[in-house]
Amino acid sequence: MPGGLSGQPDDASNDGARLALEQVILFTLIVVAGTGGELCVSRAMKAVDSAKSFRPREVGRVILSALRVPWMWLGVGMMATAFFALLAALSVFNVSFVVPVTALSYVAGAFGSAVFLHERVNKERWLGVLLVAVGVTLVFLGNR
Amino acid sequence: MWSLPNDTAECDRGPESLMTNQTHFHLKTFLTIAVMIIAGPLGNVLLGKGMKQIGRFPVWPPSQLIQAGVGIFRSGLIWLGIASLITFFVAYMLALSWADYSFVQPASSLAYGVVALLGYWMLGEQISPLRWAGIAVICLGVLVVSRTTPRTTGHG
Numbered sequence: 661m662p663g664g665l666s667g668q669p670d671d672a673s674n675d676g677a678r679l680a681l682e683q684v685i686l687f688t689l690i691v692v693a694g695t696g697g698e699l700c701v702s703r704a705m706k707a708v709d710s711a712k713s714f715r716p717r718e719v720g721r722v723i724l725s726a727l728r729v730p731w732m733w734l735g736v737g738m739m740a741t742a743f744f745a746l747l748a749a750l751s752v753f754n755v756s757f758v759v760p761v762t763a764l765s766y767v768a769g770a771f772g773s774a775v776f777l778h779e780r781v782n783k784e785r786w787l788g789v790l791l792v793a794v795g796v797t798l799v800f801l802g803n804r
Numbered sequence: 013m014w015s016l017p018n019d020t021a022e023c024d025r026g027p028e029s030l031m032t033n034q035t036h037f038h039l040k041t042f043l044t045i046a047v048m049i050i051a052g053p054l055g056n057v058l059l060g061k062g063m064k065q066i067g068r069f070p071v072w073p074p075s076q077l078i079q080a081g082v083g084i085f086r087s088g089l090i091w092l093g094i095a096s097l098i099t100f101f102v103a104y105m106l107a108l109s110w111a112d113y114s115f116v117q118p119a120s121s122l123a124y125g126v127v128a129l130l131g132y133w134m135l136g137e138q139i140s141p142l143r144w145a146g147i148a149v150i151c152l153g154v155l156v157v158s159r160t161t162p163r164t165t166g167h168g
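From first to last, the protein sequence lines are chains A and B.
Throughout the first sequence, residue numbering follows this note's numbering, covering 661 to 804 in sequence.
Throughout the second sequence, residue numbering follows this note's numbering, covering 13 to 168 in sequence.
Don't take every hint at face value.
[As the list claims (entries may be wrong)] Taking lysine to any residue and the SDA-like style, the derived pairs with C-alpha atoms no more than 25 Å apart in a straight line are:
#: 1; chain 1: B; residue 1: Lys61; chain 2: B; residue 2: Arg86
#: 2; chain 1: A; residue 1: Lys783; chain 2: A; residue 2: Phe771
#: 3; chain 1: A; residue 1: Lys706; chain 2: B; residue 2: Gln117
#: 4; chain 1: B; residue 1: Lys40; chain 2: A; residue 2: Arg715
#: 5; chain 1: B; residue 1: Lys61; chain 2: A; residue 2: Phe744
#: 6; chain 1: A; residue 1: Lys712; chain 2: B; residue 2: Phe115
#: 7; chain 1: B; residue 1: Lys61; chain 2: A; residue 2: Leu689
#: 8; chain 1: B; residue 1: Lys61; chain 2: A; residue 2: Phe771
#: 9; chain 1: B; residue 1: Lys61; chain 2: A; residue 2: Met739
#: 10; chain 1: A; residue 1: Lys706; chain 2: B; residue 2: Lys40
#: 11; chain 1: A; residue 1: Lys783; chain 2: B; residue 2: Ala148
#: 12; chain 1: B; residue 1: Lys61; chain 2: B; residue 2: Trp72
#: 13; chain 1: B; residue 1: Lys61; chain 2: A; residue 2: Val684
#: 14; chain 1: A; residue 1: Lys783; chain 2: B; residue 2: Gln117
#: 15; chain 1: A; residue 1: Lys712; chain 2: B; residue 2: Trp110
#: 16; chain 1: A; residue 1: Lys783; chain 2: B; residue 2: Lys40
#: 17; chain 1: B; residue 1: Lys64; chain 2: A; residue 2: Arg715
#: 18; chain 1: A; residue 1: Lys712; chain 2: B; residue 2: Tyr113
#: 19; chain 1: B; residue 1: Lys40; chain 2: B; residue 2: Val102
#: 20; chain 1: B; residue 1: Lys61; chain 2: B; residue 2: Lys40
#: 21; chain 1: B; residue 1: Lys64; chain 2: B; residue 2: Ser87
Hint data in this document are derived by calculation from the structure and do not stem from the laboratory.
Keep in mind the model is a prediction, meaning the values are calculated, not measured.
Using the sequences and the accompanying hints, generate a full structural model.
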């Protein structure tokens, strides 16, 4: 079990500060590495011929050619990092807190696709992104 | 609430087969989306339960990190959670292979509500009214984000 439960006021405040730092680091990793990973995979897949059918041989061909793109490896590595950060967050915080906060990936995704993939992000999508950000803020405030 | 899925391939057939095909198509799509909305959150809840049993994840020193890593892959709950997330992913891919992205993605925004309900029922998590409100706003936000057209690069 986590330390700092001895009841000393100093321990309690230290524990609080450490938890806050852990929150920031883990959620940043989940959101940034997760979204970054998806962007890298997306970039890699754009360099690969799209699958013409769902036959195993065709799917195998697409996977093999995707594995030759360095972006794919970077993407998979980042997604694995995000997964372990999610597990670490779930070891400390409630599921009903962690999963809604990971919706921040929609915010990161909108910025990432505009900046790295040069996609156009329309006003409606920005409105949705703003709503997600407000919702996550409420979830954080509700955790105090 | 959502736009109906449109399957252009259906237009080539006669009106009667079109009706049965569409009913079949809707049923198939809704069932697959139901699997997505349940399997995804269930996977996260199982991972949460497994990780709570293993305890706090040590980041330092590396020897403890490796020990914790081994513990993770020995936990049945973690594997169940991963299996559930894979089920979600397969259902998601299947749904996307026949229905429009702009139909599947908004439907999956419900998962944020489902994960809170499952956390409350299965893990007995205390959820404050403010957190419920936040989750509802997130669902709405994800719905709005994913209703917008996913294709912005202009080809295909």
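Status of each hint after checking the structure:
1. B:Lys61 / B:Arg86: Holds, at roughly 14 Å.
2. A:Lys783 / A:Phe771: With Cα atoms ~13 Å apart, Lys783 (chain A) and Phe771 (chain A) stay inside 25 Å; holds.
3. A:Lys706 / B:Gln117: holds (21 Å)
4. B:Lys40 / A:Arg715: Status holds; Cα separation ~21 Å.
5. B:Lys61 / A:Phe744: holds (15 Å)
6. A:Lys712 / B:Phe115: Holds, because 23 Å separates the two Cα atoms, which is no more than 25 Å.
7. B:Lys61 / A:Leu689: Since the Cα atoms of Lys61 (chain B) and Leu689 (chain A) sit roughly 21 Å apart, the hinted pair holds (cutoff 25 Å).
8. B:Lys61 / A:Phe771: violated (33 Å)
9. B:Lys61 / A:Met739: Answer holds: Lys61 (chain B) to Met739 (chain A) is near 22 Å, not above 25 Å.
10. A:Lys706 / B:Lys40: violated (29 Å)
11. A:Lys783 / B:Ala148: Within the cut-off at roughly 21 Å; holds.
12. B:Lys61 / B:Trp72: holds (23 Å)
13. B:Lys61 / A:Val684: It holds: about 22 Å lies between the C-alpha atoms, which stays within 25 Å.
14. A:Lys783 / B:Gln117: Roughly 18 Å separates the two Cα atoms, so the pair holds.
15. A:Lys712 / B:Trp110: This hinted pair holds, its Cα atoms lying about 14 Å apart.
16. A:Lys783 / B:Lys40: Not satisfied, since the Cα-Cα distance of roughly 33 Å exceeds 25 Å.
17. B:Lys64 / A:Arg715: violated (41 Å)
18. A:Lys712 / B:Tyr113: It holds: about 18 Å lies between the C-alpha atoms, which stays within 25 Å.
19. B:Lys40 / B:Val102: holds (14 Å)
20. B:Lys61 / B:Lys40: violated (31 Å)
21. B:Lys64 / B:Ser87: holds (11 Å)
Of the numbered hints given earlier, the model fails hints 8, 10, 16, 17 and 20; all others are met.
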